[in-house]
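So you can see what is in the structure, the chains are spelled out below.
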Amino acid sequence: MLTPWAEFDRAFESLRSRLEESDVNPFWAEGRAWSPPIGWKDTGPSLEIVVEVPGFTAEDLKVDVNREVLTVAGERKLSPPAGYRPLRRERGSVSFSRSISLPVPVDSEQVSASLKNGVLTLSLPKQAEVRPRSIPVHSQV
Amino acid sequence: METQITQPNARGRGARAPSVDIWENDAEFVIFADVPGAASESVQVEVDQGALRLGAESPTVRWARSFLVPSGIAVDQIRAELTNGVLRLTLPKSAEVRRRTVQVKAV
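Sequences listed follow chains A and B, in order.
Anchor point for the first sequence: position 22 equals 22 in the working numbering, and the numbering is continuous, going up by one each time.
Take any residue in the second sequence, count from 1 to its spot, add 1000: that is its number in the working numbering.
Hints were generated in silico from the structure; no laboratory data involved.
Source: prediction; values computed, not measured.
It cannot be assumed that every hint is accurate.
[Said to hold, decoys possible] No farther apart than 20 angstroms at their CA atoms in a straight line, the calculated lysine to any residue pairs in the SDA-like style are these:
id	chain 1	residue 1	chain 2	residue 2
1	A	Lys116	B	Ser1042
2	A	Lys41	B	Ser1058
3	A	Lys77	B	Trp1023
4	A	Lys77	B	Thr1083
5	A	Lys116	B	Arg1062
6	A	Lys116	B	Glu1041
7	A	Lys62	A	Asp107
8	A	Lys116	B	Thr1083
9	A	Lys116	B	Asn1084
10	A	Lys77	A	Pro37
11	A	Lys41	B	Pro1059
12	A	Lys116	B	Ser1019
13	A	Lys116	B	Val1043
14	A	Lys77	B	Asn1084
15	A	Lys41	B	Thr1060
16	A	Lys116	B	Glu1081
17	A	Lys116	B	Glu1057
18	A	Lys77	B	Arg1088
19	A	Lys41	B	Val1061
20	A	Lys116	B	Pro1059
21	A	Lys77	A	Arg98
[Said to hold, decoys possible] For the chain A half of the interface with chain B, some residues (derived, Cβ under 8 angstroms), not all of them:
id	residue
22	Val53
23	Gly55
24	Gly118
Even glycine gets a Cβ: it sits at the ideal position worked out from N, Cα and C.
Build out the structure end to end from the sequences listed, making use of the hints.
Shown next as structure tokens:
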């Protein structure tokens, strides 16, 4: 039975096979929206946030923080090596900006950021009032 | 001479596959792989029966990806460099292959 969907199926099939034959991933175009993987953990006195930014230098990255929001932005420009033919391209030039609502207020004056082997590590000390306090337990004899 | 590096064909178990760019000229192939967090001591490159396996480790992530490489790679001259979490692998073509390529071009 001929239905309008048959036309869609054919169009999708044709598109799919063309994508598969292509060396270049079309979803990975230059300057595309890209977002680095981010992980974080709560160490108690501070929050530690790690951002994977391979190929970025310190100058390519911008970190803004206030009490409750952290914003990490960056741009990586890759220039193709001169005189080479591309066989496969998955990386490309990318830019991103990510804002994260912090679960607790942090002391923005004390935030530190370091970049090593393509990983940006941020340490955000919590505001004093939300830092955990250890309560000594006294045993009663 | 077929000079093709084909689709990556395998991933190590529990490992993440890095994104790669692959380039070629008459003299060599160059692979760029994003391996954030990996230290240079952890980088491993193995070539065995036409398969190139690339591995690297960070304290939290294991990176692994394999490629099928054409014969005619000078395996003993493969170079690896790590900069800002990007691994650059240079795979020179063997002298014999290069010579043949030049001949084809001259015709």
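Structure-based check of all given hints:
Distance restraint check for Lys116 (chain A) and Ser1042 (chain B): the Cα-Cα separation of roughly 15 angstroms lies within the 20 angstroms cut-off, and the hinted pair is therefore satisfied. A hinted pair counts as satisfied when its Cα atoms are at most 20 angstroms apart, and Lys41 (chain A) with Ser1058 (chain B) qualifies at roughly 17 angstroms. For the hint pairing Lys77 (chain A) with Trp1023 (chain B), the CA-to-CA distance comes to about 17 angstroms; that is within 20 angstroms, so the pair holds. For the suggested pair Lys77 (chain A) and Thr1083 (chain B), the alpha carbons sit about 15 angstroms apart, so the restraint of at most 20 angstroms is met.
Taking the CA atoms of Lys116 (chain A) and Arg1062 (chain B), the gap is about 17 angstroms. The hint holds against a cut of 20 angstroms. Proximity of Lys116 (chain A) to Glu1041 (chain B) is assessed by CA-CA distance (about 14 angstroms); at most 20 angstroms being required, the pair is judged to hold. Using a Cα cut-off of 20 angstroms, the hinted pair Lys62 (chain A) and Asp107 (chain A) holds, with the two alpha carbons roughly 18 angstroms apart. Restraint check for Lys116 (chain A) and Thr1083 (chain B): the C-alpha separation of about 10 angstroms stays at or below 20 angstroms, so the hint holds.
For a cut-off of 20 angstroms, the pair hint linking Lys116 (chain A) to Asn1084 (chain B) stands: about 7 angstroms separates their Cα positions. As the CA atoms of Lys77 (chain A) and Pro37 (chain A) are separated by approximately 18 angstroms, the hinted pair is consistent with the 20 angstroms bound. For a cut-off of 20 angstroms, the pair hint linking Lys41 (chain A) to Pro1059 (chain B) stands: about 15 angstroms separates their Cα positions. Proposed proximity of Lys116 (chain A) and Ser1019 (chain B) is supported: the alpha carbons are some 19 angstroms apart, at most 20 angstroms.
For a cut-off of 20 angstroms, the pair hint linking Lys116 (chain A) to Val1043 (chain B) stands: about 16 angstroms separates their Cα positions. A C-alpha spacing of about 14 angstroms is found between Lys77 (chain A) and Asn1084 (chain B), which places the hinted pair at or below 20 angstroms, so the restraint holds. With a C-alpha separation of about 13 angstroms, the suggested pairing of Lys41 (chain A) with Thr1060 (chain B) holds against the 20 angstroms cut-off. Our distance criterion of 20 angstroms between C-alpha atoms is met by Lys116 (chain A) and Glu1081 (chain B), whose separation comes to about 15 angstroms.
For the hint linking Lys116 (chain A) to Glu1057 (chain B), the alpha-carbon distance of about 14 angstroms falls within 20 angstroms, and the restraint holds. About 16 angstroms separates the Cα atoms of Lys77 (chain A) and Arg1088 (chain B), which keeps this hinted pair within 20 angstroms; it holds. A threshold of 20 angstroms between alpha carbons decides the hint, and for Lys41 (chain A) with Val1061 (chain B) the separation of about 16 angstroms falls inside it, so the pair holds. A hinted pair counts as satisfied when its Cα atoms are at most 20 angstroms apart, and Lys116 (chain A) with Pro1059 (chain B) qualifies at roughly 12 angstroms.
For a cut-off of 20 angstroms, the pair hint linking Lys77 (chain A) to Arg98 (chain A) stands: about 18 angstroms separates their Cα positions. Hint status for Val53 (chain A) relative to chain B: holds, with the closest Cβ pair at about 7 angstroms, below 8 angstroms. Because the smallest distance between the Cβ of Gly55 (chain A) and any Cβ of chain B comes to about 5 angstroms, under 8 angstroms, the interface hint for this residue holds. The restraint placing Gly118 (chain A) at the interface with chain B holds, with a minimum CB-CB distance near 2 angstroms, inside the 8 angstroms limit.
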